[in-house]
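Protein chains in written order, with the numbering used here: chain G, 1 to 276; chain E, 277 to 552; chain W, 553 to 861; chain D, 862 to 1170.
Just so you know, the hints here were simulated from the structure itself, not pulled from any lab data. Ideal Cβ positions, reconstructed from N, Cα and C, are used throughout, including at glycine. There could be a bad hint or two in this list.
[To be verified] In silico EDC-like cross-links for lysine to aspartate or glutamate, where the CA-CA straight-line distance does not exceed 20 angstroms:
id, chain 1, residue 1, chain 2, residue 2
1, D, Lys-1144, G, Asp-175
2, W, Lys-835, G, Glu-176
3, W, Lys-786, W, Asp-737
4, W, Lys-821, E, Asp-478
5, D, Lys-1145, G, Asp-150
6, D, Lys-1144, G, Glu-24
7, D, Lys-1014, D, Glu-1025
[Unchecked claim] Cβ-Cβ distance ranges computed for the label pairs, FRET-style:
id, chain 1, residue 1, chain 2, residue 2, range
8, D, Asp-1035, W, Glu-846, 54 to 60 angstroms
9, D, Phe-1018, G, Pro-229, 37 to 43 angstroms
10, G, Ala-132, D, Asp-1035, 33 to 39 angstroms
11, G, Ala-132, W, Leu-849, 45 to 51 angstroms
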Amino acid sequence: PATLATYCLMLGDDALVLSQRLGEWCSNAPDLEEDIALSNIALDLLGQARLLLARAAAADPSQVPALPDGSPVPDEDRLAFFRDARQFRNVRLAEVPNGDFAQTVVRILLFSSWRLALLDRLSDPLTRSRDAVLAAVAAKGVKELTYHRDFAGRWFLTLARGTEESRRRLLAGLDELWPYWAELFETHDIERAAALAGVGVDPAGVAADVEAVLDQVLMASGVDRPVLPPVVGGHDDPGHHEHAAHQGRDGVHTEALAELLAEMQVVARAHPRGQW
Amino acid sequence: PATLATYCLMLGDDALVLSQRLGEWCSNAPDLEEDIALSNIALDLLGQARLLLARAAAADPSQVPALPDGSPVPDEDRLAFFRDARQFRNVRLAEVPNGDFAQTVVRILLFSSWRLALLDRLSDPLTRSRDAVLAAVAAKGVKELTYHRDFAGRWFLTLARGTEESRRRLLAGLDELWPYWAELFETHDIERAAALAGVGVDPAGVAADVEAVLDQVLMASGVDRPVLPPVVGGHDDPGHHEHAAHQGRDGVHTEALAELLAEMQVVARAHPRGQW
Amino acid sequence: AELEARFQAVIDRKDRIEPRDWMPDAYRRTLVRQVAQHAHSEIIGMQPEGGWIGRAPSLRRKAILLAKVQDEAGHGLYLYSAAETLGVSRQELTEALISGRQKYSSIFNYPTLSYADMGTIGWLVDGAAICNQVPLCRTSFGPYGRAMIRICKEESFHQRQGYELLTTMMRGTDEQRAMVQESVDRFWWPSLMMFGPPDDESPNTAQSMAWGVKTHTNDELRQRFVDMSVPQAKALGVTLPDPDLVWNEERGAHDFGQPDWAEFWEVVKGNGPCNAQRVAHRKKAWDDGAWVREAALAFAAHDGGTGGA
Amino acid sequence: AELEARFQAVIDRKDRIEPRDWMPDAYRRTLVRQVAQHAHSEIIGMQPEGGWIGRAPSLRRKAILLAKVQDEAGHGLYLYSAAETLGVSRQELTEALISGRQKYSSIFNYPTLSYADMGTIGWLVDGAAICNQVPLCRTSFGPYGRAMIRICKEESFHQRQGYELLTTMMRGTDEQRAMVQESVDRFWWPSLMMFGPPDDESPNTAQSMAWGVKTHTNDELRQRFVDMSVPQAKALGVTLPDPDLVWNEERGAHDFGQPDWAEFWEVVKGNGPCNAQRVAHRKKAWDDGAWVREAALAFAAHDGGTGGA
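If we strip away everything but chain G, and leave its shape as in the complex, we get (with noise of 0.2 angstroms):
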């Protein structure tokens, strides 16, 4: 159960933490159709989260953090409010700050494929998860997802081959993102225990699907994939010496995810005995 619960906590962060980032977009989006889709993606992956969220608690209670007593904060708040950056889950790519449309175009595009393939394992009736309720988030979770991955192919399609200055935007902002996407594919011990366990998916074993998904936008699009090298450092595990890629799984985040937590949790924290 425990390793149930970090495994959900690790996929609803993923999904807190980007429907954060997208919530920033609300009333500054290049144009009110797209100030409309970013919010509904921010709003799919808001309600993943909820449920992610729920049963990691209702799966270990004790990762749950502790309020004064008597405190009416439901679980999914106490999880998503009274955490520190050091204890989400997350992969870095969640956290990484808003850029442009562009950026945020190919941050989708990454995060949505990859995702959507976990998920659809997690669903499908020949690989799903041994955790009913993990299942059917995961199944609602598909649908979802679908449609942020055609928004974002969509729109990468588009600035590709718009204008000259929409394709130097986006490749800027895949360069920008690409270091990121390998840690989507290592697999965190989390992980491997709940592949094992036949809750959860081994990342490393989509890995190849998803990069051909990817390889199809990139190449529909006429752009070559980065040759960047994935960020290193900063792992704290004593005497572990090899490359730790799988940064946010552990709770090592980049600098921006305290910022986006300070405002995140900023009025939660105010009142740990509220009720809104």
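For chain G, the structure is supplied; the task is to place chains E, W and D on it using the hints.
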């Protein structure tokens, strides 16, 4: 003592909030010399804020926010980190988000011209505050603010007469901040009471002097006084239907203050029993 | 003259004018102005709430707020479409907004200073908007009236959600109750201003009513709003900040004080607490998005597609 | 050859070379590279700490941190001035930095993730810097050596302040103690990397030592740093994350593990956690400030002043 305390909070919050804004320039200024100068001004104002908040706490401990029993957080930090935006008494000029360097130059010029006049009265042998602590803090501040005003005055002139671009930006910064200028000279009830008690200064009384100083800078720079009216509205004083221009002093701020405090207070609030 | 008579007949039998029907120029201009102003209000109105999405104190409230602000963008879309049937493009209207030539509801020039404002905006601001807008569902111009029907439905939903947030907060801690009261104190008077100046200072009302663009006077609607809000405030447990507010048995309605109309006119003129900020925000988003809109047009042109989204 | 002999004689008697003295081109190039890299490190080093000024948890710590980062800007100033005596301008050097042609200390490519990092950077990072820099006070090039004397004084002050922050936090709550340990775990290995690769992989060391630009090898300095840090860690009550760290009675020094040199080279190549971010930040500040620098030049030119500040 409650009047003295609230009065010190007003002057202290002005310094604290502007110091926070100027600190944001750190590692972002146009060149190293300006980076150092802006940090210097931020440090001076932070020093003033600390003395003023400490004086406020000593004068009226009931205004200091309560924390869990045994918390080692000192009074100055309780006041700085554990009050909400609604309880901050600074003028809004201090909290407006940073724009470009020109806007910062304008802000320092406006703020320091005004504050210098206040602190000058508070420390001048003829008009000195009856509160010896406040008078001493003011005397120290006069030297600092003279430097701040000089810095801003020289840059105002430089930008006004530098390039077309610098002049355009300077005028835009002036137009942006001008609507917050009138608020500095509105007399709040607390200021009136403090002035009557001989501990504080009525800001309306320094208006003519300050305007004269400002006009000199404007004239030397060939810049016209903006004709923009002050910001109105948003008072919450039931049945009080005059324009309530002293909004910041009443705790009614711009949207930017809560965001500023979210950042400023995040670590302190996460550790109400912390020692630093 | 015959056209004019036929036009007025449609109005008089409370039927709808459709885009291809003949209409007097002044009617068209009035409608463009009103529909555009309404659309702009939806879009600018996203900002005071949108700024709190990132800080919503529970995931449930974050979802509600995100969906609500998204609805406002949707309302803006319908309304710009309605305006387009009158021959003006969204681009033109947006440029009129960010250059300050067209206005939006002044209420959005007041700042949002606490999460309670998310509830108060729903309860009072959306409530006032509904009072203004329900009659507009029967307005004489077809596309506008139909847009309003859809919008009003969603607005009532928002209003209930806002009131529900306040109710929940009032059951919470003392700090939360104080936050609600403080928020209501700030928004009460600006909400009353949403109905526009008193009838005797509202020069366009008569013509608008004759055209069926407007169906009630400002003061009538304001009275309705006050009478509606007083029992709601009581149920909530908050005080409305008007010492003159009292039930008048004789009129069967509440007597109440007047907002500060001098302040109202200052805010309309552009000197409210957030006018400059709101327009600058909109302008920045629009300018920052220019290259995206251009790319979508270029792509549609040379790839024969339909644009990116 | 005579010049070269005279030059080497100055070096050999541990005297200073001054800017107007003759020096070999390779010496000049090496010095420019080293002084510029050092200056860049001070300037880039402002970022990992500067990002926490806004969040410092007490006013006292805010003042300390602000002053410290300001000192780093000051160090950058002295060092750019020293480099200018070798014939390169600050503008050229800054452009070399933001285009990636010149490097800075890799330690600043690691993120700062909690306020404890402000203490750890003082204790370990500034501590390592001091070990590197104290010998440089006697370096052969005069302006560099004199800058280093001033810088080293301030750095020791910063180191004490950092250590004092950690000491204070260790007396605080359990969460604070955990924060300190977590921070030390992250910074220990990168701090050891600050001395550069092992001597047998450090091709430039021999020449630099012959020129008196460098006075100790990387491994010597690293050993000194470890021996200094172990008792400090003990006094603080934290564990250093190296299972191989043990006192070697025979050598009279600590044995310790090697950092991950593959990671080191990756970070040097530009693939560390923050390389792109740090350079982009510097580039943005520099580009955003261009109009100000131009205005100051224009003003000085036509008003005959000395610039704005």
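task = Mind listing which of the numbered hints don't hold for this structure, in increasing order?
result = 2, 4, 5, 6
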